[in-house]
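Visitor: Put together the whole structure using the sequences plus the hints.
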Amino acid sequence: MATDTSTATKAAFPCALTLEIPFPDTRLASVALRALRVDKELSPLVHRTLTTVMPSTPSPDVDAGAITPGQEDAVLRVEYKAATNRMLRVAVNSFFDSLALVVEVMQELDEDVVVESHHIRGGGDS
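In our numbering, the protein residues as written are -17 to 108.
Source of the hints: derived by calculation from the structure; they are not laboratory data.
A portion of the hints provided could be inaccurate.
[Unchecked claim] In silico SDA-like links for lysine to any residue, alpha-carbon gap of 20 Å or less: (1) -8 x 70; (2) -8 x 61; (3) -8 x 85; (4) -8 x 28; (5) -8 x 30; (6) -8 x 25; (7) -8 x 26; (8) 22 x 70; (9) -8 x 79; (10) -8 x 80; (11) 22 x -3.
[What the hints assert, rightly or not] If you anchor each label on the Cβ, the simulated ranges turn out as follows: (12) 79 x 26: 27 to 35 Å; (13) 90 x -4: 34 to 42 Å; (14) -8 x 21: 21 to 29 Å.
Ideal Cβ positions, reconstructed from N, Cα and C, are used throughout, including at glycine.
Guide: Printed below as a string of structure tokens:
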């Protein structure tokens, strides 16, 4: 019976996209997850699932399989399913606008987000 439901869901929502957004550590990925989760999809033609996961591929400067403490769930995974490509595009565009705002607020209010951002903008006194 679950197969029938799964098949019906795939037929009703044939367009899908999975995004993986890396964060420096688990805490920041979790903050982004909690901030973005509150905004529900407005259209019943779009389903979105947000989770934090382990990085599927380590960064080039990290030995394969070596995940440093704090990176266990440092990737925000967003899975979209939509009835049409257009609805998927609109939902993903809106998500990226929200994600950009969340990251910008993190950079302004959280010292641990991007240490270099203060120096890049010329705000450093050194």
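Visitor: None of the hints should be skipped; say for each whether it holds.
Guide: Structure-based check of each hint:
no.	hint	in the structure
1	-8 x 70	holds, 14 Å
2	-8 x 61	holds, 13 Å
3	-8 x 85	violated, 32 Å
4	-8 x 28	holds, 12 Å
5	-8 x 30	holds, 14 Å
6	-8 x 25	holds, 17 Å
7	-8 x 26	holds, 15 Å
8	22 x 70	holds, 14 Å
9	-8 x 79	violated, 27 Å
10	-8 x 80	violated, 27 Å
11	22 x -3	holds, 19 Å
12	79 x 26: 27 to 35 Å	violated, 21 Å
13	90 x -4: 34 to 42 Å	holds, 40 Å
14	-8 x 21: 21 to 29 Å	holds, 25 Å
Violated hints, listed in ascending order, are 3, 9, 10 and 12; each of the other numbered hints is respected by the structure.
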